[in-house]
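> Here are the chains, one letter per residue:
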Amino acid sequence: MEFKVALDTMWVLVTAMLVFFMNLGFAMVEAGFARMKNCVNILSKNFIVFAVSSLGFLVLGWGLMFGDGNAFVGLKGLFFAGGLDNSPATGLAYQGVYSAISWTGVPLWAKFFFQLVFCGTAATIVSGVVAERIKYKSFIFFTFAMTMFIYPVIGHWIWGGGWLAQKGMFDFAGSTVVHSVGGWAALSGVLMLGPRFGKYHNGNINPIPGHNLSLATLGTFVLWFGWFGFNPGSTMAADPLAISHIAVTTNTAAAAAVMSSTIISWMLLGKPDLGMTLNGCLAGLVAINAPCAFVSVGSAILIGLIAGILVVLAVIGFDRIRIDDPVGALSVHLVNGIFGTLCIGIFAQDKITGVATGNGLLFGGGAKLLLAQLTGVVSTAAYTFIVSLLTWAVLKATLGIRVSLQEEIEGLDIGEHGNSAYPEFLGRKPGYSFLGTKNS
Amino acid sequence: MEFKVALDTMWVLVTAMLVFFMNLGFAMVEAGFARMKNCVNILSKNFIVFAVSSLGFLVLGWGLMFGDGNAFVGLKGLFFAGGLDNSPATGLAYQGVYSAISWTGVPLWAKFFFQLVFCGTAATIVSGVVAERIKYKSFIFFTFAMTMFIYPVIGHWIWGGGWLAQKGMFDFAGSTVVHSVGGWAALSGVLMLGPRFGKYHNGNINPIPGHNLSLATLGTFVLWFGWFGFNPGSTMAADPLAISHIAVTTNTAAAAAVMSSTIISWMLLGKPDLGMTLNGCLAGLVAINAPCAFVSVGSAILIGLIAGILVVLAVIGFDRIRIDDPVGALSVHLVNGIFGTLCIGIFAQDKITGVATGNGLLFGGGAKLLLAQLTGVVSTAAYTFIVSLLTWAVLKATLGIRVSLQEEIEGLDIGEHGNSAYPEFLGRKPGYSFLGTKNS
Amino acid sequence: MEFKVALDTMWVLVTAMLVFFMNLGFAMVEAGFARMKNCVNILSKNFIVFAVSSLGFLVLGWGLMFGDGNAFVGLKGLFFAGGLDNSPATGLAYQGVYSAISWTGVPLWAKFFFQLVFCGTAATIVSGVVAERIKYKSFIFFTFAMTMFIYPVIGHWIWGGGWLAQKGMFDFAGSTVVHSVGGWAALSGVLMLGPRFGKYHNGNINPIPGHNLSLATLGTFVLWFGWFGFNPGSTMAADPLAISHIAVTTNTAAAAAVMSSTIISWMLLGKPDLGMTLNGCLAGLVAINAPCAFVSVGSAILIGLIAGILVVLAVIGFDRIRIDDPVGALSVHLVNGIFGTLCIGIFAQDKITGVATGNGLLFGGGAKLLLAQLTGVVSTAAYTFIVSLLTWAVLKATLGIRVSLQEEIEGLDIGEHGNSAYPEFLGRKPGYSFLGTKNS
Amino acid sequence: MKKIEAIIRPEKLDGVRRVLESAHCAGLMISEIEGHGKQKGVVQQWRGEKYKVELLPKIKIEIIVRDQDVERIAEAIIGAAKTGEVGDGKIFIYHVENAIRIRTGERGEVAL
Amino acid sequence: MKKIEAIIRPEKLDGVRRVLESAHCAGLMISEIEGHGKQKGVVQQWRGEKYKVELLPKIKIEIIVRDQDVERIAEAIIGAAKTGEVGDGKIFIYHVENAIRIRTGERGEVAL
Amino acid sequence: MKKIEAIIRPEKLDGVRRVLESAHCAGLMISEIEGHGKQKGVVQQWRGEKYKVELLPKIKIEIIVRDQDVERIAEAIIGAAKTGEVGDGKIFIYHVENAIRIRTGERGEVAL
Ligand SMILES: Nc1ncnc2c1ncn2[C@@H]1O[C@H](COP(=O)(O)OP(=O)(O)O)[C@@H](O)[C@H]1O
Ligand SMILES: Nc1ncnc2c1ncn2[C@@H]1O[C@H](COP(=O)(O)OP(=O)(O)O)[C@@H](O)[C@H]1O
Ligand SMILES: Nc1ncnc2c1ncn2[C@@H]1O[C@H](COP(=O)(O)OP(=O)(O)O)[C@@H](O)[C@H]1O
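Residue numbers (my numbering), protein chains in the order written: chain D, 1 to 440; chain P, 441 to 880; chain R, 881 to 1320; chain X, 1321 to 1432; chain V, 1433 to 1544; chain W, 1545 to 1656.
Warning: the hint list may mix true and false statements.
Footprint (simulated), chain P over chain R, 3 or more residues, beta carbon under 8 Å [unchecked claim]:
| no. | segment |
| --- | --- |
| 1 | 898 to 910 |
| 2 | 979 to 989 |
Derived list of chain P stretches under chain R, where covered just means 3 residues or more per stretch with a C-beta under 8 Å from a C-beta of chain R [stated by the list, open to error]:
| no. | segment |
| --- | --- |
| 3 | 451 to 465 |
| 4 | 500 to 506 |
| 5 | 653 to 661 |
| 6 | 674 to 680 |
| 7 | 696 to 706 |
The hints are simulated quantities; they were obtained by calculation from the structure and are not laboratory data.
Built from N, CA and C at the ideal position, the CB exists for glycine as well.
Full structure from sequences and hints, please.
The structure is reproduced here in structure tokens:
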């Protein structure tokens, strides 16, 4: 027993560290996909977001998410993860106020740290979508809201023993809890903010190329790496069969999505666009998040292939409907977060790594599971979108959420931070990078 | 027992993740050592290569490598790692078609994932050597060939219970299986492709400086880090004495090679060239790959020192014989892969971490081991070089393998992908970076 | 027992790898904070420093630090970690000459590797402070001195059973042993070297902006990640409660310091400076190093908040007193190394993760612990500063330590290495980057 | 033939190019310069110290035109580049002695 | 004295420099510009949208020569820079009133 | 009006700007060029091969001044830019036919 606790704790901590490391991945992808003149701002947002999450989730988020309470929120041990708790005791031996997560036999702080890095991921997703025009201060405040009561409430519903868990909805590693929540929060933000200056002009869509594809590729590799913490770690126990299975479903879905996104962009756009390949990889990883422990490696290939196609169409589609997402995060996290969640309903095979999910649609389980998943998708959408929209609205009315047009043109680096990311490199000057270009 | 399986699985997965992460290292080293105008292309190749490997090795490679069969190829359980298998059972308890790897007591998917990341490494080595002139499409097809039947066959010979294993050849972590195979495949490619335009001109060797030494250094650190997965992980079991020993031989050889390559380049070239130091580090790591578990820390110093000198001479030497390797990968992986394999025959000390290798030449074991190693080196060279050459020839005759001269001059980024890596940075324009220079 | 050794070894090796990875972090932070024209030189220094450490600590450092001896130095098993040793035996079962570290039950090479990466960290701290003017050769020689007899002696005093350990001074993960030692050695270097050309001119402080904040941010994330090896790994055993606790105190202090450094720089400077935020993060991590296992999560918040403020004031303060530290490493490692060491005396809670430290000032333990800590701080300062100063003086008298003024103006990349980091990027030319600027 | 050398704000480049196109201006050269005139510089900060970057990014456009087109083109540029704020830039006119089209060897105004 | 201002393709710089050397051309200035003339731009893509970069990279070489050398040098440049395809560039000739060598203060043609 | 075109060492830019300020020079344009003259290039190395970068970074300063100011300004530049070593650079003087201030439309010397 003692060894098992030590072993499981080590697994949980090591995988949590990998997930923490994904912050670097997000920072580099988002900075690389944005313009030089906003680089410091994006780096700053992606850097501070985890600090804010660490405090927000400690102060209130954890308690709201895992505290014993009703079907909607936790009510006990709300603040500073300070409730009674005798972890690593599990099952009947457990005595404390965080019973929803007492199934894993690791110390309280290991649970907290693992859950914190997930919360941080949801928060960081928002950063990319609202990039290149949001006020730094408002983003910080939104992140507090996100990690203190937006994410934790959905978390409670699904992972904290809330009503969705009771309804039989599954989300192994967070396609909904983390990615869709991040996506909906971001979507509400982008609707409040509007597109970047110059993006849509006289009916044209002006491409605004990212300034550094080396960084973007670096970031995507780091994310892929971190995902081996995200998914296999979500067992929160070093269960050999499960974690091996999950490592391979995760990787296979990513690989399939890389291929399908590359091929589809080659076909649609004439050439294999690296940005699409990178987004494709992330799409596959997001889509396999929820089902990674419940589907076969064969199904993982299929899920990946579809995810890679979805993301390319979504990137193009969002632009068509004038939703300006500089880094493609909506297509990756929102669209594929939803798709991945539904995949359980379609591809699940009962007890494939031990968990009794029942079978999905394609494996003779009928629509029951799919419906539970759909309920999860819709209710998450409703709560997250509405509460986020309200939060943005309050911020807009008080601090303001968008920088001035002049600051946007000159770049947020000087305006918000007084820094420039590459002061010694000669660049095409602000406002010039995309203005020398015209749709063909 | 149960704990041992869990512990070993965790070790195998964590080290496999580190090896996966080496993909980032290769991408950054190769991108950094190449020119700006080809940066997107190199990033794309290094990114997709692991996706292709993941599919190729799943579909056929694993079966050919580890399936029970004859001395030359696996024949059972060929496709989708789908043969019978009751891992984590080991030894006599094992029932299945992958008996060559039944010595390690971890689940099948853990074995698969660990072996996959090694296969991916062999494939990615090719990428750097053929950089800056190969067609993207042809590289993708070659990678399928590499991971489906070039690498797995050699793998079967040495790690899959084939004839070289039976002959008493040893290769602990893949100096031959991974690095030499990658090196020979790359060499055949470079011979088919020829040098980059402008590299050798009127009897002169024109240096073509890499565009970003920050990225190259970053990549080398990531590789060094990943090597702690590569070597200690190859125990495929958390054997405390062995993995500690291997961590230190690995690191020490790298350190010694860093020093010797720096000093030798300082002496030969007048100044300590950073590119040589970085290549030196990798050379030491490749050389210690095969012998890391079989030699003492003292021998590791020697091996590293020699590797660092070898790589500098090889980089200069390949240029003299007009073999154009933009990133020095032949000098690192091929030359030192061979050297490292032979080192077992020279420096091995019987059972130093438990494995009964017999002693090497310097430790009173005579030439027996060295001869077995040499057989491995030569036969690997023959098979890999010939089959790769054929594969390249087929590709050349069908899709073509080299981009047009104009595309090469303008850069593969625009030509193959329609992207540019740094659209906002002002650069010395394509075709200009090295033409403003002249040999002194 | 056997499992415990395997488990602990795995923990020690994995965390040691993370600490090794911090070399990348330091390289990127320091390169990013320096100018383009010195980039290759900084990368080279930060790359070779770990190779030198690996050899220096192997040859002599380890023996001096952990060999049985007197209260001041180790005397047995001095060279090549070659003394008698029956690790992983512990306690009374231990027979060997490295008894000071026989409390952890892992193999000798695991102990060595873990201690080596700490030694390497101390050495790398110096690199940043002396950047942009030191001769490459002299830096290499200083690093040998650092890892062979400067660091190991202090290490012996505190972690090797020396007189400070006996006096009851605590330093869990090295606020003093690693960071202050690095800081004092760097300070002595900077005093011998003087400021960079142009930094202080006619009574003005000329800011010299770093060339790449993307790299600096990347590096800081890598360091934060590596710190999860640094602190939780310092248990050198997979003790579930301790490592979970430490992971959270570490992360929380970093998060708090990010917030406080951002806010204070916003208040003092008008805008939230990214460089300050990054330094703030590192300051929090350094400050929590020593106390991470001895204080509560609540105290960690306080420690982090103070560290973040300290570092901003120190960065500004060092400039005022004309100590030119290009990367802020003195403010991070020296100032907060001292602060963190003292924090044990202030915030310690007896046995919070098992170790009997006694209580600190604020928890009713009186000034006893604080005084022991202070003794450690002062004696470390005295030894390290004096011996480092002597070493620098010897180097100055023999090889010289500072490059010529012309080389400094033209950049060390060409002068010391004959390379340039970004040969294809158009930059503001050497000597121009900061001269086009003027204090407002 | 004359050379029109216009120093403009970077963000006006797009507009200026558009009017030049309408004005059937055959070719142009664009370079990035840093200028200093009446306009005040930008304040930046680095680790606690503020500094002013007094050189501001400007775009230099050079166009070689026939004598009779100078006024028309200059007016077009002024129209598109003007904001009325300090920093709008200048136009300078120089005499050009000859022009050669490398491709054909044509000389004089036909080479434009 | 005259200034020869040649706009050429980037890939021709090396060849042009070589002939200039043979022609004993004392000194030169090189800058990177972006040009727009008859030559069509390059199509790039970003995340699904294609765009045309209409400004093409060109190299501007400026050489100040004695009056009698203008023709010879211009011909040398044309010889080395010509491909016959659209986009080869132009040469413009200007009058230079004076030249000063900063190092010595020499003026006029000796300063070249 | 005349254009003063000064090619100087990059490290002298700061000094030159300072004297220009004292000389009440209204505005200037700065660009980064690469030059080649009597000065020898810099030797670099890449993976075992040495190569000479023969084009050296220089700064080009362009100032348009009234005729009567040419000598004064040129002398000021020489004073600040001179080291006496090969590579100090040159100053070239051109005639300017007209100047226009975009902001106001003013023409001639008042536009400077
Ligand atoms: N006498 C001059 N010589 C060269 N360039 C000039 C001169 N005067 C102005 N410029 C250029 O024109 C730009 C705009 O001038 P400025 O004085 O700031 O604005 P305005 O023209 O509206 O008064 C400057 O940045 C500089 O590049
Ligand atoms: N009238 C002009 N004024 C300034 N630059 C010009 C002019 N005409 C052409 N150029 C420059 O010359 C380059 C080549 O011209 P282009 O018309 O494309 O080819 P060609 O000279 O072969 O007809 C252009 O990119 C532009 O930089
Ligand atoms: N005839 C010329 N035409 C154009 N630029 C020149 C000419 N001569 C010199 N230059 C420029 O002046 C710079 C300095 O010239 P150089 O001959 O090296 O030194 P010095 O002027 O001290 O003899 C060169 O790098 C080049 O850019």
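> Confirm or reject each hint.
Results for each hint:
With 6 residues having a Cβ less than 8 Å from any Cβ of chain P, the segment 898 to 910 of chain R passes the three-residue criterion, so the hint holds. Restraint check on the segment 979 to 989 of chain R versus chain P: 4 residues with Cβ-Cβ distances below 8 Å, three needed, restraint holds. As drawn, the segment 451 to 465 of chain P meets chain R at 3 residues by the rule of a beta-carbon pair under 8 Å; at three or more, the given contact holds. Check result for the segment 500 to 506 of chain P against chain R: violated, 0 residues qualifying (beta carbon to beta carbon below 8 Å, three or more required).
Coverage of the segment 653 to 661 of chain P by chain R holds. Counting CB-CB distances below 8 Å, 6 residues qualify, and the rule asks for three or more. By the rule of at least three residues with a Cβ nearer than 8 Å to a Cβ of chain R, the coverage given for the segment 674 to 680 of chain P holds, with 3 such residues. Under a criterion of three residues with beta carbons nearer than 8 Å to beta carbons of chain R, the stated coverage of the segment 696 to 706 of chain P is upheld, 4 such residues being counted.
When each numbered hint is compared with the structure, a violation occurs for hint 4 only.
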